[in-house]
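So the protein lines, in turn, are chains A and B.
Per my numbering, the very first residue in the first sequence carries number 306; after that it's consecutive.
Per my numbering, the very first residue in the second sequence carries number 159; after that it's consecutive.
Please note that a few of the clues may not be correct.
[To be verified] Quick partial rundown of chain A residues pointing at chain B, CB under 10 Å, derived from the structure:
(1) Tyr340
(2) Gly345
(3) Leu350
(4) Glu364
(5) Tyr369
(6) Lys375
(7) Gln390
(8) Phe395
(9) Gly410
(10) Glu411
(11) Trp414
(12) Thr416
(13) Val417
Because the hints were derived from the structure by calculation, they are not lab data.
C-beta atoms are modelled at their ideal positions from N, C-alpha and C, and glycine is treated no differently.
Each chain is listed here by its residues.
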Amino acid sequence: DAGITQSPRHKVTETGTPVTLRCHQTENHRYMYWYRQDPGHGLRLIHYSYGVKDTDKGEVSDGYSVSRSKTEDFLLTLESATSSQTSVYFCAISGSQVGNTIYFGEGSWLTVV
Amino acid sequence: QKEVEQDPGPLSVPEGAIVSLNCTYSNSAFQYFMWYRQYSRKGPELLMYTYSSGNKEDGRFTAQVDKSSKYISLFIRDSQPSDSATYLCAMRAATSGSRLTFGEGTQLTVNP
Numbered sequence: 306d307a308g309i310t311q312s313p314r315h316k317v318t319e320t321g322t323p324v325t326l327r328c329h330q331t332e333n334h335r336y337m338y339w340y341r342q343d344p345g346h347g348l349r350l351i352h353y354s355y356g357v358k359d360t361d362k363g364e365v366s367d368g369y370s371v372s373r374s375k376t377e378d379f380l381l382t383l384e385s386a387t388s389s390q391t392s393v394y395f396c397a398i399s400g401s402q403v404g405n406t407i408y409f410g411e412g413s414w415l416t417v418v
Numbered sequence: 159q160k161e162v163e164q165d166p167g168p169l170s171v172p173e174g175a176i177v178s179l180n181c182t183y184s185n186s187a188f189q190y191f192m193w194y195r196q197y198s199r200k201g202p203e204l205l206m207y208t209y210s211s212g213n214k215e216d217g218r219f220t221a222q223v224d225k226s227s228k229y230i231s232l233f234i235r236d237s238q239p240s241d242s243a244t245y246l247c248a249m250r251a252a253t254s255g256s257r258l259t260f261g262e263g264t265q266l267t268v269n270p
């Protein structure tokens with residue numbers, strides 16, 4: 306198994322509150338990603354990072370921010386959670402060599418009520 | 159229109175059947191193709207990875223890519239109840255770094 310740990314694994318929060326999800330890797334991989342998975346949409350990229358302090362937006366980045374202060378940690382923050390952000394969030398990692406593929410964490414289930 | 163189309167199923171087959179899972183795509187820049195398996199309430203795990211047209215075999219699994227038709231397939235021979243999962247196709251272009259575009263996933267149930 307890829308050394309990826311997500312926390313918390315489950316969270317229920319109220320609309321309007323901030324939420325931070327953490328991804329920790331032990332593989333020293335350069336790239337880290339946050340995806341969300343929803344019925345009818347599959348996996349969609351929220352943000353990704355290609356190095357410490359280097360991040361970029363994915364296809365569904367509105368309402369989310371990220372930070373990467375260390376190689377091993379990638380944080381996803383919902384500044385003011387909305388019900389539309391109820392989802393399963395997956396962190397993923399990959400190396401920097403051409404052809405490297407992506408390995409996923411176990412997921413974080415977030416419910417916004 | 160989605161760049162990657164995948165029939166979400168559900169697909170139900172008897173144990174021992176040959177399963178065919180398929181994806182079509184519209185972006186001709188896609189060059190790398192993957193299949194992930196996802197068990198319920200788990201993260202996706204890489205099953206097959208290929209970057210050329212043709213077939214790639216790994217045990218009971220065969221990945222097939224037809225770039226001219228923009229069509230990829232995953233075949234599972236002698237399917238087992240333990241193969242019951244959601245199968246996601248994924249692909250990326252050479253210029254997109256490691257960012258993947260996923261299909262919606264096909265939910266497969268293999269009945270004993």
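Review point. Checked against the structure, which of the hints given earlier come out wrong?
Key: 5, 6, 7, 12 and 13
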